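First to last, the protein sequences are chains Y and H. Position 13 (the first sequence) corresponds to 13 in this note's numbering; numbering is contiguous. Position 201 (the second sequence) corresponds to 201 in this note's numbering; numbering is contiguous.
It cannot be assumed that every hint is accurate.
[As the list claims (entries may be wrong)] Residues from chain H shown here face chain Y by an in silico Cβ test under 8 Å; the list is partial:
(1) Phe64
(2) Val93
(3) Ala105
(4) Asn118
(5) Gly133
(6) Ser134
(7) Glu137
(8) Leu141
(9) Val231
[What the hints assert, rightly or not] Lysine-lysine pairs mimicking DSS-like chemistry, simulated, CA-CA at most 25 Å apart:
(10) Lys274(Y) - Lys235(Y)
(11) Lys146(H) - Lys17(Y)
(12) Lys265(Y) - Lys181(Y)
(13) Lys186(H) - Lys198(H)
(14) Lys117(H) - Lys14(Y)
(15) Lys158(Y) - Lys228(Y)
(16) Lys203(Y) - Lys265(Y)
(17) Lys226(H) - Lys252(H)
(18) Lys146(H) - Lys36(Y)
(19) Lys252(H) - Lys39(H)
(20) Lys67(H) - Lys206(H)
(21) Lys158(Y) - Lys235(Y)
(22) Lys117(H) - Lys36(Y)
(23) Lys117(H) - Lys17(Y)
(24) Lys290(Y) - Lys265(Y)
(25) Lys158(Y) - Lys290(Y)
(26) Lys14(Y) - Lys143(Y)
(27) Lys39(H) - Lys17(Y)
[Stated by the list, open to error] Okay, the calculated bits of chain Y under chain H, using three or more residues with CB under 8 Å as the criterion:
(28) 47–61
(29) 83–89
In case anyone wonders, no lab produced these hints; they're calculated from the structure. Small disclaimer: the values here were computed from a predicted structure and weren't measured. Glycine is no exception: its CB is placed at the ideal position from the N, C-alpha and C atoms.
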Amino acid sequence: MRYAFIRELFAFAKRDKRIFLVAGDLGYSVFEEFAKQYPRQYLNAGVLEQALTGMAAGLALTGKIPIIYSIVPFVTMRNFEQIRNDICYQNLNVKIVGVGAGFAYGNYARTHHGLEDIGVLRTLPNLTILCPGDPLEVALATKAALRHPGPVYLRLGKAGEPNVHQSSPRFKIGRGIVIKKGRDVTIIATSTFLNRGFEVMRKLQEQGLNTGLVSMPTIKPLDTRLIKELASKSKAIYTLEEHSIIGGLGSAVAEVLAESGDQVKFKRLGVPDKFTIVMGRQEYMRRANKLETNQIVSTILRHLKQKNS
Amino acid sequence: MSFRAQSAHTGGALSCVELMVALYFKILRVFPHKPDAPKRDRLVFSKAHDAKALYAVLAARGFFDPKILEGYEMNGGLLPGHATRHCVPGVEVTAGSLGHGLPMAVGMAYAGRVDRKNYRVFAILSDGECDEGSTWEAALLAGQHKLDNLVAIVDYNKLQGCGYTKDVLDLEPFAKKWLSFNWEAKEIDGHNFTQILKTLSQLPFKSGKPSVVIAHTIKGLGGAAKHVNQVSSQYKPPTSDEIEIAIRELTKI
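Okay, chain H solo, but in the shape it has when bound (with noise of 0.2 Å):
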């Protein structure tokens, strides 16, 4: 997809995507033939640049024909570079503008609060929206509200747009600022299938608190090796080199 759009937001795409699969394939409730059904978990997709891991997963998972791939970020195609509510079956949101998801889960989740519904709403954001106001208002109203059917899984690559986070606008001490929002928070690997899968089995990781997964991962892994771990991940499409090794390497495995 990148290829062939030339589009930008490879790396971040890559750094969330076992986290994606994960979910899809094992943790969440939901029906690809029936994306609508009112029982079904809710997935925020709110770092919505890196659409094309939701847009792959969801084809893969058998919401939608994996022919409609080649039209993401093309003229005419179904698949923009940001995710917009139904532009497929499974999306659930329009998001792009960072720190809008968060907000928009916590609606979903006390809703189903209030209407005594138990499916459970998942948000994944990004660590720069981290730095907008308006993803800490929603962890706040989270908190106070005990919205244990909410789920924030961070997809900590520690880069944002130009430049590395504890250079740009450091998040650290993380986790301590969720717990001290009233969240309960875990740490993972977030390449790491047994850990994602063993974690997200536990949840809520604390009656009446909201969860966050603050997954450890890397920018562009199982991409380009130079762009690993590198602002350029952001930004740079693969060449056709590169997309030749990649399919030799997957094919090995």
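Chain Y on its own, in the form it takes in the complex (with noise of 0.2 Å):
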């Protein structure tokens, strides 16, 4: 995902000069090339997530297009009040790039892993939140954020996710995109998830339930008249996200439902609200977490059984 974004970037940064990357001190062997390319284009701040967040909003003010980068807590939740007040109030043009999001840096503890960053930024007036779920997603967002004139902040995987979809599909900030659709389950999935979302609807195909996967880039603005559209025709929905279950993709598909009066079957899945004591590699902390393929399967069969609920 890191390299599909740089590559966007740096056909940007080519053409407009008021593009401008501020690093944390972090982005070894993304960023070397750029910073050679682009040496009035680029600096690496060093390891001062709220000066450099400051920084960026001073330097939009000039009329510039930065783009800060670090891993996800530290240039997103470290600066939360540099991006709340001097980039959204001020409504600025700056782009915020999280990379690690998830368990990315799964045995590299809490203090590193991405599963907050939704919640709080949600919460936040003027700024759009996108989550691509695959690199060809990665690719369109990073156009799509460079080319809105406002607050933008994009989450990014780091371990190489696959692509999803078999060509780049239609692209605009706001909007879901359907994969399949779904009678009996409806999957909405997100950011690193996507291609978990493919491999949970294709097991539950499997076991004769017709399945559908919609892929949920845009988490700010939210497509609500997606959402809503999906509860009348599905049976059930599931939102699924490396995210903390509280604030994320989930949280805001359910205010949508709870406020549409739809009776629609439903069930957020993602990280569950508690450090997780066990560590390992990303796949490891999935699996620890209930979040490893069949793990969601389970679960959603089971929900699937319940009545009421």
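Two chains, each in its own frame: build the complex with the hints.
Here it is as structure tokens:
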């Protein structure tokens, strides 16, 4: 995902000299070439996320399009108040790029996990939140983010996620992407879990369930129209994300469903509200949180059998 | 303004008012009728809780109709207690949470440098916000990148929210701290126009270094006598008797 992002950024930086990349002393093996080719559009500011976020606001106030980059928690929470006041309140054209969504840095422990970013950032007016689900979506989301005249958060994975789409889908900020329609079950997945959603869909189809998959690369503004439509055409909806069960895609969809009056069967699937005790790499951490493909399938099958829940 | 709105933060507005007058009338290259002119000097008012000093000086300099000052902190007025960008012409940034101004000023100065523009950036800081780590992060950045188009002016009235800085969190040796962050520092009496103007006409103090002016000031000076250099000057609005005395003294001048 990172490489799809940097490819697009390269293309833009060549055309548009306002593009200015500010890294928080991260991006080893990603930014070297960019720094070499565009030295006047790049700064490794150092390990100071608060000041570099404020600095980006200052750069934007002079007409530049700054992109700030670090690992998810450091570029969304360490500097949360700078994002709130300096960027969103002033509605500045700054792009916030977080790498390592979910358990990408699983073995580095919770300090480095990206599990609360969507939840905290979703509270901020003016901010667009993009969580592309595969490299094709990353390329499109990066383009859209750089063209959008306002604050954008772009959430990236790091694990070499595979493409789920067979070709570039139609991408528009604020629109979900229907990969397949499902009468019995619809999975709405985002970010690093789009591929997991695809795997789960396949397994449920094998069980004879007419299962659909929707990618939700924009969490804010949310495609409420599509969610309501899915609720009316599918018997059950499951949201799937590598993010805390609180505040992310699941919460956002739940808010729409709760206010829409639809009686669709619904459950959020994500990381439970607790610090994971065990330590391991991404897939190990997912399994420890019951987010391995077969575990998710079992959870859904169990849930489908329950009444009134 | 303080009396009408019965607002807090009068002492810190009074302690920086000479600095603000000197800057807007003699030092800054500003265009009150074209406030966004690209070649203007930028002033980042980071100690935004004392915004009434900024508003009063901007109005006097012709950025907006002084009648707007009557709406300071009033329902439906244009002037919030903490200055926000473009609430009126001339306010460059939104601030209010401490330690946010200097990083933004660094961004503006850095852009000016890369783009080879010759505007300067001034950041007005409180002493209290020099407790914030983000202020020192920005100081490191400015020193590292040799931003000699950047000037920080600290209104060093030595009183912060709940006490004297030396008792709460001592900043001394203050000038040495800035020097060690690769800034050039000068200390002045922040109420003495001659000293202020002389110092600010020597910018940058050293080529290749950001400049800091540590302005020694007295919180609440010019306001009610009982609040001068007291914690209360941060919180207590003037009474009607105190306003009458102040007006009488000002008309004597």
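Tested hints:
Proximity of phenylalanine 64(H) to chain Y is violated relative to the hint, the smallest CB-CB distance being about 19 Å (cut-off 8 Å). Satisfaction of the interface hint for valine 93(H) is found here, the shortest Cβ-Cβ separation to chain Y being roughly 7 Å, below the 8 Å cut-off. Given hint, alanine 105(H) at the interface with chain Y, holds; its Cβ is 6 Å from that chain's nearest Cβ, closer than 8 Å. At its closest, the beta carbon of asparagine 118(H) sits 13 Å from a beta carbon of chain Y; the interface hint therefore is violated under the 8 Å criterion.
Hint status for glycine 133(H): holds, given a least beta-carbon distance of 7 Å to chain Y, under 8 Å. Because the smallest distance between the Cβ of serine 134(H) and any Cβ of chain Y comes to about 4 Å, under 8 Å, the interface hint for this residue holds. Interface restraint check for glutamate 137(H): the shortest CB-CB distance to chain Y comes to about 3 Å, inside 8 Å, so the restraint holds. For the restraint placing leucine 141(H) at the interface with chain Y, the shortest Cβ-Cβ distance is roughly 6 Å, inside the 8 Å limit, so the hint holds.
At about 26 Å, the closest approach between the beta carbon of valine 231(H) and any beta carbon in chain Y exceeds 8 Å, and the interface hint on this residue is violated. For the hint pairing lysine 274(Y) with lysine 235(Y), the CA-to-CA distance comes to about 30 Å; that exceeds 25 Å, so the pair is violated. The straight-line distance between the Cα atoms of lysine 146(H) and lysine 17(Y) is roughly 23 Å, inside the 25 Å bound, and the hint therefore holds. Taking the CA atoms of lysine 265(Y) and lysine 181(Y), the gap is about 16 Å. The hint holds against a cut of 25 Å.
Distance hint between lysine 186(H) and lysine 198(H) is fulfilled; the C-alpha atoms sit about 11 Å from each other, no more than 25 Å. The straight-line distance between the Cα atoms of lysine 117(H) and lysine 14(Y) is roughly 21 Å, inside the 25 Å bound, and the hint therefore holds. Straight-line distance between C-alpha atoms of lysine 158(Y) and lysine 228(Y) comes to about 32 Å, which puts the hinted pair past the 25 Å bound. As the CA atoms of lysine 203(Y) and lysine 265(Y) are separated by approximately 19 Å, the hinted pair is consistent with the 25 Å bound.
Under the criterion of a C-alpha separation no larger than 25 Å, the hint pairing lysine 226(H) with lysine 252(H) is consistent with the structure, at around 21 Å. Between lysine 146(H) and lysine 36(Y), the direct Cα distance comes to roughly 21 Å. Compliance with the 25 Å bound is thereby established for this hinted pair. Restraint check for lysine 252(H) and lysine 39(H): not satisfied, since their Cα atoms lie roughly 40 Å apart, outside the 25 Å limit. Distance hint between lysine 67(H) and lysine 206(H) is unfulfilled; the C-alpha atoms sit about 41 Å from each other, more than 25 Å.
The suggested pairing of lysine 158(Y) with lysine 235(Y) is violated, with an alpha-carbon distance near 34 Å, which exceeds 25 Å. Of the supplied pair hints, the one linking lysine 117(H) and lysine 36(Y) holds, its CA atoms being roughly 23 Å apart against a limit of 25 Å. At roughly 15 Å between alpha-carbon atoms, lysine 117(H) and lysine 17(Y) fall within 25 Å of each other, so this suggested pair holds. At roughly 20 Å between alpha-carbon atoms, lysine 290(Y) and lysine 265(Y) fall within 25 Å of each other, so this suggested pair holds.
Proposed proximity of lysine 158(Y) and lysine 290(Y) is supported: the alpha carbons are some 21 Å apart, at most 25 Å. Distance hint between lysine 14(Y) and lysine 143(Y) is fulfilled; the C-alpha atoms sit about 13 Å from each other, no more than 25 Å. Distance restraint check for lysine 39(H) and lysine 17(Y): the Cα-Cα separation of roughly 19 Å lies within the 25 Å cut-off, and the hinted pair is therefore satisfied. Only residues whose beta carbon comes within less than 8 Å of a beta carbon in chain H count, and the region 47–61 of chain Y has 13; three or more means the coverage holds.
Remark: the region 83–89 of chain Y is confirmed as covered by chain H, as 3 of its residues place a Cβ nearer than 8 Å to a Cβ of that chain, reaching the required three.
Going through the hint list in order, the structure does not satisfy hints 1, 4, 9, 10, 15, 19, 20 and 21.
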